[in-house]
Amino acid sequence: MTVVRISDDALAIACGADRVARRFAELGHEVVRVSSWGMHWLEPLVEIDGFGYGPASPADVEAILADQAGGLCIGKIADHPFIAAQTRLTFARAGKTRPLSLDDYAATGGWKGLERARTMTPEAVVEQVKASGLRGRGGAGFPAGIKWDTVRKAANPRKYIVCNADEGDSGTFADRMLMEGDPYLLIEGMTIAALAVGAQRGYIYIRSEYPHAIAKMRAAIRLSAQIVAPFVLEVRVGAGAYVCGEETSMLNSLEGKRGEVRAKPPLPALEGLFGCPTVVNNILTASAVPFVLAEGAQAYADYGMGRSRGTMPIQLAGNVKYGGLYETAFGVTLGELVEKIGGGTGNGRPVKAVQVGGPLGAYFPPALFDTPFDYEAFAAKDGLIGHGGITVFDDTADMAVQARFAFEFCAIESCGKCTPCRIGAVRGRETMDKVIAGDRPASNLALVADLCETMKLGSLCALGGFTPYPVMSAITHFPGDFVRESADAA
Amino acid sequence: MSSMSQTPTTDREARLDAAIRRHAGEEGPLLPILHAVQAEFGCVDEAAKRRIADALNLTRAEVHGVVSFYHDFHDKPETRPVLKLCRAESCQARGGEALAAHAERVAGARVKIEPVYCLGLCSVGPNAMVGEDLYARLDERGVAELIGAM
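Going down the list, the protein sequences come from chains A and S. Convert by adding 13 to the 1-based position in the first sequence; the result is the number in the numbering used here. Convert by adding 1 to the 1-based position in the second sequence; the result is the number in the numbering used here.
Looking at chain S on its own, in the form it has when it is part of the complex (with noise of 0.2 Å):
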């Protein structure tokens, strides 16, 4: 890939544009290049775009496109701790929406409770991830430690 169209004049852009180098030879490189900048600043910003619009050749409203398209990427950074909560079938028949509810009313403003569609751990829910963490069977009590120590 040819270097960058305009030097970087911030940390940040020099941040970015180390993100976009790791992976810009790769065979279909947008994806991981995102990833890398999701996980960098915690989000997927408008200078972010445009920036990765240059790298690669593409328009900025491509990288938009790819960015809106996946719930993985954010426009904005979450400031508040994320508890992933599954809500497909298998917690939903082992009590998973009742615990939702709870969750949402231990954690308040606090902490955000998202919801994820599966974890894979479909036999022992409901079940959380917190960052790479899992947490299986969880009831009441479990989830209201969980949300209390983030």
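For reference, chain A alone in the conformation it holds in the complex (with noise of 0.2 Å):
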């Protein structure tokens, strides 16, 4: 009998993960499931005694298991250069524990980081987070200490740790392959947290897109709460608004009301939650806590460059030849990250533009491919860096109707709050239709830059405020596609 695993990530599942998996099972074989080690032109991906074989089907499985399908075998996982090359700190169980066994977690390090905390006082807590650098990964990059210490401050002795697991964003999965895959290290962030600023409750509120994640979350909360006692950990469920990644309408979300965006200030770490003193991290930034927490605050901050300390779990995603998560250090540069770690477009086709930071995230052209991995850098060049999330498009994407694919996007999602994003999505993607249409394109093309920047500056979000973003670096960065044949003309 051979020991088999094989991820039951929802990714692998979607690949056939299961069905493969069963077929194993049929012929009698144990089959482990674990997370996925996030190389994910390979799933499903089988692992035997180190080796990896995949993507693999149902039919490939007795030649696996004869070793002779020569074709599947990528040699040993672990010394493949795509995971070789990466520094996992959030990711380092990624492909290797059980996710839902506490054996698994306590086994690989886990809580020693709260375990830690527990000996220390919560200002030496907050001061490790702050000493580290870690700064906000849902895309803000607010310096996470900071606000762990303003909410410690707080008078007000109800206080809640809400996490924000609504991620929305076309080309991010890192937080659900965390959730999914090492569901204990969020669980155990958020506790350090709760620790640090004297919360009682905490709120981890997950898209509905992402039912897996949901049932592990639930099942790994259960399964834990002895040990983060007395702090008590719930999953609420989001209902399908991309706005809701916002922070204060996710509060409102959470209360029961419409996900429509509050004016800040108040701050949600003075006034969040039902009022509350309210601690909002990014699944991805309470996760690298309890590194911080368990090897020091130094070790973190050793990694990156600049501002941008630690490491960022970057996402492959789109028309990429080798897609999946690379967690590495602030500092490499977006043409390394597309180029040779990616290894370009998934079809052969030139890499036309890259959109990095999900919709609200701008196109960069290969012009632009020496810019480092970098929250300033990306700010320098008017892009961002966001949740991570690298999409690719070859030379068939046509940019003008990306730019209108943005402001519709903006349109569909906007909560209504705010005149500039309500009333300005939906004009700009009437204006970017006359430009395709080749009605006065010049003319209507300053008119969309006029508009977005009153929808950058006068959006109460950045849903609103950051559309301008894919919509001006198109316009900027592919002049050409703009231009276009006039209707009258024929």
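Simulated from the structure, these hints should not be mistaken for lab results. Take these hints with a grain of salt, some might be off.
Here are a few chain A residues that face chain S, going by a calculated C-beta distance under 7 Å [what the hints assert, rightly or not]:
(1) Leu24
(2) Gly181
(3) Gly184
(4) Glu222
(5) Gly253
To spell it out: a stretch of chain A is covered by chain S in this simulated footprint if at least three of its residues, at any positions, have a beta carbon under 8 Å from a beta carbon of chain S; those stretches are [claimed, not checked]:
(6) 262-274
(7) 326-339
(8) 400-407
The C-beta atom is built at its ideal place from N, Cα and C for all residues, glycine as well.
Please dock the two separately framed chains into a single complex, following the hints provided.
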């Protein structure tokens, strides 16, 4: 009997992992369901004695067992260049442990950060997070320690920890993989946050499009309830509104209201959930904390560049040859990520553009591929790293259509609270329709630029405020796509 | 939470009350209740809105405002099977838009093709979801088979 390791991550399952696992079980072998290594082009990936075979189908199972599946064998998974070159701090367990096994978690250094935090004062815990340089991984990049300190110092004794798992950005899946693959890490991070600020309850707000992550997190919370007590955690399920990834609209949603954005101030750190001081952290922020506490702030801060310290789980997506999760220190260039690590496009055509940071992120042309992955460096190029998603497009992409889509998406998902976003997105889409139809493109593009300025400066949150990034970057870097055949010229 | 202001008179009302009661004691109970009602009946209709409003001491308008805000809640039940097809950027970059047009043609009026903005499988698109089952690396044949089996 052979022990076969296959991921039970939703992506692996969508690619047929359950059918492959069933086939091995039918033949009398022991199947262990583990988290995903994050090499998505190889899923379903089968691991036997450290060697990987993928992408595997049920028809390949007998050949794999007879060691006759040469074409599928990738050698030792841990030695694969995609894995060996990474610096996995947050995703250290990816591919290696059974997601819901408390034994596996403890055996791989789990709860060490929490144990250490329990011997420290809340101030000292916050100081560690501050010294690590950890910044919010949801997109805004706000220093996590400063946010925690604000909540710690708040007078109201009733406080909350809220984790934002409303990962709606296309091209991102790190939150999902973390929740499905290493749920106790998130629980440990949130529990440390609760100790540091004096919170009693925590909520994890997960989007409804992630049923597997919801089930895993709920099970993990149940199984670890005694370990994190007296802290109490609960999963809340979103209802299909992208804007609820914005922290204040998520808080409204948790309270049972329309997911409309709140004006700031007051900051959620002072008046957040139910008006109480609240830490709102992204999954990846909270999940970076156990390492910081277990290994020390300096060990984390030693990675990275400039004011971007530590590692970032980068997600390679879209039309990319080697798509998946790539955690590395800040500072790697966009070109290395797309061309070298990602291997260019999946279909072999030239790369035309990459969108970094989700639907509200800028489109970058290959001419800007020397930009290092760093909050400030991307801002200097009128872009953002957002949640670390990179979506690759080949040369068939029409950037005028992509610019139109950015407005359309904003119009669909706008919460409606502020005018620049609610009306601007609709007018922007209409104006882009005119540009695409060749109707006075020059004056209409000037109108789009003016509208983008208004949306950027006048919107309450990043949905309206950042929609100009994809639009203006497409216009700036791909002007040829906006010169259209006039409908009247025919 | 206090008991329902009106005693249930039909089986439907009893099921509705049970869904409300399951979550009424939670902090911010409205979304969990709406999810439970949507799962139980396939929609949150006018009668349900009024009964939920009653139970939570909200106005019917407040409940309606929340129901209408979120894509997951519907006024009427969908009678057709639903295929959620991702239409976001990463699937667009992998031929998702042409696939969506093909899916619409195959589905006709029998199956509803609903756009969804990201299933988080962005490296293996185009992707779809039926109920809670996920499908990746879809091509024209794959999506046609999927629709045919619904």
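Check whether three or more residues of the region 262-274 of chain A sit with their beta carbon closer than 8 Å to a beta carbon of chain S. holds (count 8)
Hint validity - Leu24(A) Cβ closer than 7 Å to any chain S Cβ: holds, 5 Å
Given hint Gly181(A) near chain S, where the shortest CB pair must fall under 7 Å: holds, 6 Å
Can the hint on Gly184(A) be confirmed by a CB-to-CB distance to chain S that is less than 7 Å? At 5 Å from the nearest chain S Cβ, Gly184(A) passes the 7 Å test, so the hint holds.
How does the region 326-339 of chain A fare against chain S when you require at least three residues with a CB closer than 8 Å, holds or violated? holds (count 8)
Restraint check, 7 Å cut-off on beta carbons, for Glu222(A) near chain S: holds, 6 Å
Quick one: see if chain S covers the region 400-407 of chain A, three-plus residues with Cβ-Cβ under 8 Å. Result for this restraint: holds, n = 5.
Status of the hint placing Gly253(A) at chain S (closest C-beta pair under 7 Å): The hint holds - Gly253(A) has a Cβ within 7 Å of chain S, the shortest such distance being about 3 Å.
When each numbered hint is compared with the structure, no violation occurs for any of them.
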